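Use these hints to put chains B and C onto chain A, whose structure you have.
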Amino acid sequence: MAKTKEQASSTIDPAAACAPEWTEILRQMILIRRFEEATEREFRKGKIGGYLHVYSGQEAVASGIITALTKGDILFTGYRDHAHALALGSEPRRVMAELFGKSTGVSKGKGGSMHLFDVEHGFYGGYGIVGGHLTLAAGAAYALRYQQTERIAVCYFGDGAMNIGSFHEAMNMAGLWGKDGMCPILFIIENNGYAMGTSVERHSALTDLAQRVRAYNIQTEKVDGQDVFAVRGVADRVVRQMRETGKPYCIEAITYRFSGHGAADILQPYRSKDEVEEHRHRDPIGILRNRLGEICGLTDADVKSIEDWAASEVAAAVQFAEESAPPEAEELWRDIVAEHGPVRENE
Amino acid sequence: MSEKSYRDAIRDAMMEEMDRDPNVLIMGEDIGVYEGTFRITAGMLKKYGGKRVIDTPIAEAGMVGTAVGMAMLGLRPIVEMMTMNFAIVAADQILNHAAKVRYFSGGQVDVPVVIRGPQGAGVQLSAQHSQTFESFYAHFPGIKVVAPATPADAKGLLKTSIRGRDPVIFLESAALYGMKGEVPDDPNFTVPFGVSRVAREGSDVTIVSYSRMLQMSLIAAEKLSQDEGIECEVIDLRTLRPLDLEPAYASVTKTHRCVVVQEQWKPFGAAAEIAASITETVFDELDAPVARVTGEDVPMPYARNLELLATPHEQHVIAAVKKVMYANG
Amino acid sequence: MADVIMPKMGDAMTEGKVIRWYKNAGDAVKKGEPLLEIETDKVNLDLEAEQDGTLGDVAAAAGQMVEVGGVLATILAEGEKAEPKRVAPAAAPAKEQDSKSAPDSAPSRRAIDKKDSIKKSTGEYGEAIDMKAPRIDRTAPAANVVAMPQAEGGRRRSSPLARKMARDMGVSLEEIQGSGPGGRIVASDIKNFKPAAAPQSQKPKAPALPPVQQLETKDIPLSAMRRTIAKRLAESTGPIPHFYVTAEYDVTNLLALREQLNEIEGIKTSVNDFIVRAAALAIRHHPNVNASWGDDAITQHGEVHIGIAVSTPEGLITPVVRNADEKSVSDIAAEVRSLADKAKNRKLMPNEYQGSTFTISNLGAWGIEQFTGIINPPNVAILAIGAATAQPVVIDRQVVIRDRMKVTMSCDHRVVDGALGAEYLRTLRSYLEQPLRLVL
Chain A
2 MAKTKEQASS
12 TIDPAAACAP
22 EWTEILRQMI
32 LIRRFEEATE
42 REFRKGKIGG
52 YLHVYSGQEA
62 VASGIITALT
72 KGDILFTGYR
82 DHAHALALGS
92 EPRRVMAELF
102 GKSTGVSKGK
112 GGSMHLFDVE
122 HGFYGGYGIV
132 GGHLTLAAGA
142 AYALRYQQTE
152 RIAVCYFGDG
162 AMNIGSFHEA
172 MNMAGLWGKD
182 GMCPILFIIE
192 NNGYAMGTSV
202 ERHSALTDLA
212 QRVRAYNIQT
222 EKVDGQDVFA
232 VRGVADRVVR
242 QMRETGKPYC
252 IEAITYRFSG
262 HGAADILQPY
272 RSKDEVEEHR
282 HRDPIGILRN
292 RLGEICGLTD
302 ADVKSIEDWA
312 ASEVAAAVQF
322 AEESAPPEAE
332 ELWRDIVAEH
342 GPVRENE
Chain B
165 MSEKSYRDAI
175 RDAMMEEMDR
185 DPNVLIMGED
195 IGVYEGTFRI
205 TAGMLKKYGG
215 KRVIDTPIAE
225 AGMVGTAVGM
235 AMLGLRPIVE
245 MMTMNFAIVA
255 ADQILNHAAK
265 VRYFSGGQVD
275 VPVVIRGPQG
285 AGVQLSAQHS
295 QTFESFYAHF
305 PGIKVVAPAT
315 PADAKGLLKT
325 SIRGRDPVIF
335 LESAALYGMK
345 GEVPDDPNFT
355 VPFGVSRVAR
365 EGSDVTIVSY
375 SRMLQMSLIA
385 AEKLSQDEGI
395 ECEVIDLRTL
405 RPLDLEPAYA
415 SVTKTHRCVV
425 VQEQWKPFGA
435 AAEIAASITE
445 TVFDELDAPV
455 ARVTGEDVPM
465 PYARNLELLA
475 TPHEQHVIAA
485 VKKVMYANG
Chain C
8 MADVIMPKMG
18 DAMTEGKVIR
28 WYKNAGDAVK
38 KGEPLLEIET
48 DKVNLDLEAE
58 QDGTLGDVAA
68 AAGQMVEVGG
78 VLATILAEGE
88 KAEPKRVAPA
98 AAPAKEQDSK
108 SAPDSAPSRR
118 AIDKKDSIKK
128 STGEYGEAID
138 MKAPRIDRTA
148 PAANVVAMPQ
158 AEGGRRRSSP
168 LARKMARDMG
178 VSLEEIQGSG
188 PGGRIVASDI
198 KNFKPAAAPQ
208 SQKPKAPALP
218 PVQQLETKDI
228 PLSAMRRTIA
238 KRLAESTGPI
248 PHFYVTAEYD
258 VTNLLALREQ
268 LNEIEGIKTS
278 VNDFIVRAAA
288 LAIRHHPNVN
298 ASWGDDAITQ
308 HGEVHIGIAV
318 STPEGLITPV
328 VRNADEKSVS
338 DIAAEVRSLA
348 DKAKNRKLMP
358 NEYQGSTFTI
368 SNLGAWGIEQ
378 FTGIINPPNV
388 AILAIGAATA
398 QPVVIDRQVV
408 IRDRMKVTMS
418 CDHRVVDGAL
428 GAEYLRTLRS
438 YLEQPLRLVL
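First to last, the sequence lines map onto chains A, B and C.
Heads up, the first sequence is in my numbering, so the first residue is 2 and it goes up one at a time.
Heads up, the second sequence is in my numbering, so the first residue is 165 and it goes up one at a time.
Heads up, the third sequence is in my numbering, so the first residue is 8 and it goes up one at a time.
These are computed hints drawn from the structure, not numbers from a lab.
Heads up, none of these hints are tricks.
Okay, derived cross-link-like pairs now, BS3-like style, lysine-lysine, Cα gap no bigger than 25 Å in a straight line:
#1 A:Lys305 <-> C:Lys38
#2 C:Lys349 <-> C:Lys275
#3 C:Lys198 <-> B:Lys487
#4 C:Lys198 <-> B:Lys486
#5 A:Lys46 <-> C:Lys49
#6 B:Lys487 <-> B:Lys418
#7 C:Lys30 <-> A:Lys46
#8 C:Lys37 <-> A:Lys274
#9 C:Lys49 <-> A:Lys48
#10 C:Lys88 <-> C:Lys38
#11 A:Lys180 <-> B:Lys211
#12 C:Lys334 <-> C:Lys349
#13 A:Lys305 <-> C:Lys37
#14 B:Lys215 <-> A:Lys180
#15 A:Lys180 <-> B:Lys210
#16 C:Lys275 <-> C:Lys334
#17 C:Lys198 <-> B:Lys418
#18 B:Lys387 <-> B:Lys487
#19 C:Lys413 <-> C:Lys275
#20 B:Lys387 <-> B:Lys486
A few chain C positions that, by computed beta-carbon distances, are all more than 12 Å from chain B:
#21 Ala35
#22 Asp53
#23 Glu87
#24 Asn358
#25 Gln361
#26 Ile382
#27 Gln405
The model shown is predicted, which means the values in this text are computed figures rather than measured ones.
Every residue gets a Cβ at the ideal spot worked out from N, C-alpha and C, and that includes glycine.
Bound-form chain A, shown alone (with noise of 0.2 Å):
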């Protein structure tokens, strides 16, 4: 795993750090963790299809970004994208009817895992061609300034995304527009240390991901992914400057994944099991719990009701999603373009 001296560490005042706000978080995050078990024990059985790629172990990099973010702002990410719907407020149902191919899904039952799309939550989609939404995101961020508003757009892309052409071409265009105050986007690198099997040190010539994005006159920053109060710190502060700059900003989040990359991903050869043992002892829940346990006297009973609340949740997202009706056949035909032609004016 990437060197961790030089991220941002956080100072912990009890006031703040007790504020109800941190439970939330800290449901939240249970939430998303259960919810990532339950997708694989569905996938296991057959009930969701095609690719399946789960977040746990990275939930502070979703969670601590994503409730710092106000109404109006804008996310678009990868494939690995259940954590984003559920922190931006998605009803997990739904995102589980996404997941089953059911008509009551977030995008219809018609883009699965890997294109969750909620739009009244600000979520503009999970992307599954690697860096490909770089550029979109980058776009969106120029409409939004245009359109003189002080929302910002939020990008979050993996290690693996920064070594194809997209990445930089939307990074340049965003430093470009940048000295504009024309990008008021935050670029989010979930540095999980692998691209599928392959890890930084094997993918990219310059293993500070972050210099990398400096190239492009973006100002940068790392934080321990793992601990959510890091990173919510550094996301409170860069997003209240980019409201104000317009100007792009990236975060390199150092995380782990605790599953393999996708549900196909068994035997993983790329790392031994003691490493992800390893890692599981910084889990950012754990983290989070136990800080909120010295600090604040948050009680094994108080997490308990979290977690049956959590399991309840997922449970009758799961029953939710198994009810549902399968899309209709005349949606096949239905959301490919806007308008059929002929085309008349309707202006």
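For chains B and C alone, coordinates are given in the frame of chain A:
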């Protein structure tokens, strides 16, 4: 009506729409200060400023991808490709993103982006700069493909493209930029997608084409009329997706013979699609197999004589018409 | 109690194989302890217990293929009892499998049957189709086409248009020399074709049928000429200006066919049932005989409902065989019998005797050889069918005995002109004299 060139008709369409709707903007390589390699965007930077006339880096994927993002947020970007050959660099952004995001989001976003630029052979630009792409793009659901043959259609179809809610590949024939024709002045003049037109009436053979090949087919039709007394009915498709073949079916029902003309390579091309549809739909009306006139199946060579050999000409159309007429010659 | 299931380990995995059990039913197991080894299309791996407890039923023996999601075993928590045995939804027919067989007794291994997986995939596709996607079938059905009499002596090359024209003109392609490439017969060859002056003494060819037309309900506005014809004819002969055309048909083959059909158990047909079907099929070629006169328009009917004159003690009534062109001879037979019985017992409901679009009256059973029917308004034609009688006929300069039957068509001249009546009877001939067309 005033007489305008194809080039000016395109510029007029964009400027009228930019005047009408502040969400319309244009981006591309050297379209602002340089005013465009084909000078389509001359004067636009001065009039609309740098936020609406954006000079981009040489980065087609970035250019198209950002435009798609803008479109998803409610802007109406026009992306000018210096030539459509370069748009291939942005194929992922066009085919995997622009064409798909409405569908996999279950209809949650519009993607009103227009990707336009010149294409086609004829001025010794050799293999990388002489291609045409309508078959390539028209293969994919989720995008619209437009190929105007006249200045009026260039203007009317481009305005429809900009006002629509879907991604449009707007293919201009570089060879037609200087062509002049009558263009309506009404700022609300538009030409709908998916409505083919009869460009010339005739009773003996139906010729189906679009863009520059449509103009070439009309010249061939005149020669056939004068020299051979053969009257061709010429159908201009205007848009390949959506594709309106009804006038072609009606015409073949009358003439019983059909020639399809395209500039690009024969295998798996637009002409193959059109010929197959005609055979499926009006099989019993055919008195001869549908003939195709296409470019040679080779990369475009540089040498003038070889380039001429690689592209279709009037005499190819004339020969194909005679062939389906069972006339020797 | 928790199920141990066959897990899906990859996006393309549909089933997996049990290689060996490390634990037997009744053994205590700990969370994380390996229970069994499975083999998937990609890897072999151990499945671990997900909780502490006792291994209950083992539902899948070593060697068995199990579908993804299928239960392999259960783990009982402390104090739980095993439920009655459940059987894994095995990819192999699991019923015969002896679930008690020792884990290593290598039960018959079943190769994955490709046909099975194809069936399975069409099964799912079938379900999707059942949802009646409106556009799954995107090729419009071709217009009804009458089968062309197959040309003898091999295939002749011809353009689709030439074939259509030949069909319409009743010309056989065999007689035509093609001028197109490879001898292809093209439209101009048909246009320029002049039939040989005297028909040779070949066997007469089956006459080609005029094209079938699309039946649809529509109004044909009255033209000035049509109004004048109607007015003049009505003035001369009363409200419906009748005229009559008669044809004599050779029904020898038809009678033979009927006999053959009636040999099949459960089928009982009369000659009239064949005539009903023939008349209905012939209407498809000439929709204007299936029409009604109105003051502003002639209404062509989109469906063919044949009224059949039945005499009852009270008088004549015409029960209706609806959509007779879509029914088989035996269906028509059964329906006519039932309608006739009801008519005689006065049990016909109004919907059973109203709404005909064409009528047939048959006095053959009374030995009548020829008569004329009076049109049953608002129909515009009626067929009067006489008795089939054996008669000497000259064929190929030989006198032979053939069964002949006379049919007279009464037509409403306001709608049906003489030529149309004659064409209709000619089409009817094709059906009655080549009766296989009626059972195709």
